[in-house]
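Here is what each chain is made of, one letter per residue.
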Amino acid sequence: MDVDFIFKIAAIGIIVTVLNLVLIRSGREEQAMLTTLAGLVVVLLMVVNSVAELFDTVKDLFGL
Amino acid sequence: MDTFKILGFIFVAAALCLILKGYKTEYAFALAVCSALAVLTLILKNIAFPLKLIQEKIAESGIDGSYFKVAVKALGIGYITSFVAEACRDAGQNSLALKAELTGKCAIFILSVPLILSILETALGFTK
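Top to bottom, those sequences are chains C and D. The first sequence runs 0 to 63 under numbering that gives the first Met the number 0. The second sequence runs 0 to 127 under numbering that gives the first Met the number 0.
For the record, the hints were derived by calculation from the structure and aren't laboratory data. Even for Gly, the Cβ is constructed at its ideal location relative to N, Cα and C. Each hint should be verified, as a subset may be incorrect.
One-sided excerpt, in silico: chain C residues whose CB lies under 10 Å from chain D [to be verified]:
no. : residue
1   : VAL15
2   : THR16
3   : SER25
4   : GLU28
5   : THR35
6   : SER49
7   : VAL50
8   : LEU53
9   : GLY62
10  : LEU63
Work the whole structure out from these sequences, hints included.
Okay, structure coming up:
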């Protein structure tokens, strides 16, 4: 259900932050930027999927 | 899932958002939207049953169901519009939030036009 989405996103956010710091410390700014972008894409895809799911439920329930 | 569990869940989600906001604000926004989605889905599950009950009762009682249908549709539109508007405000886009609300209002107005027309007709019927 959606409940564990929240903790997945929080986990991805924290991991990407740590990865970012490690990559920046080791001097690879570009990879750090790419990791943040990749993490963001994954999270946004998950959010878009669950938004679509909510809109479908509302359409069925309220007969829109 | 009763109300206190949902409220507790919202509290935890808010705390997680705060943590993430410090490092990456875009993740905090995604987290806020996702927790709002989870809560809305749970509430929908609770609303579904009484709504069906009322619809059946109205269908049985023979009253013209179209008025109630329009009300339920307006409820659905309002439900989604407020979700999107608040998500935009979370992201700091107040103007986008107002645009979303404007869209919702126009949709509900369009929905209610047949209702207004029928009321006007009955009113005019009395004056003749």
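Fill in: Supplied contact hint for SER49/C, tested at 10 Å Cβ to chain D
5 Å, holds
Worksheet item: Can we keep the LEU53/C interface hint, with Cβ of chain D closer than 10 Å?
Response: Because about 5 Å separates LEU53/C from the closest Cβ in chain D, which is inside the 10 Å limit, the hint holds.
Worksheet item: Going by Cβ atoms only, is VAL50/C closer than 10 Å to chain D?
Response: Hint on VAL50/C: holds, closest Cβ of chain D at ~6 Å, below 10 Å.
Worksheet item: Can the hint on GLY62/C be confirmed by a CB-to-CB distance to chain D that is less than 10 Å?
Response: Holds: closest Cβ of chain D sits about 7 Å from GLY62/C, inside 10 Å.
Worksheet entry | LEU63/C as an interface hint toward chain D, with CB separation required under 10 Å | Cβ of LEU63/C sits 5 Å from chain D, so the hint holds.
Practice prompt. May I ask you to test the interface hint for SER25/C with respect to chain D, counting a Cβ-Cβ separation under 10 Å as satisfied?
Written response: Constraint on SER25/C not satisfied, violated at 18 Å.
Worksheet item: Minimum Cβ distance from VAL15/C to chain D below 10 Å?
Response: The hint holds - VAL15/C has a Cβ within 10 Å of chain D, the shortest such distance being about 7 Å.
Worksheet entry | Restraint outcome when GLU28/C is required to lie within 10 Å of chain D by C-beta distance | 16 Å, violated
Worksheet item: Per the CB criterion, is THR16/C less than 10 Å away from chain D?
Response: 4 Å, holds
Fill in: THR35/C as an interface hint toward chain D, with CB separation required under 10 Å
At about 7 Å, which falls below the 10 Å cut-off, the nearest Cβ of chain D leaves the hint on THR35/C intact, so it holds.
Of the numbered hints given earlier, the model fails hints 3, 4; all others are met.
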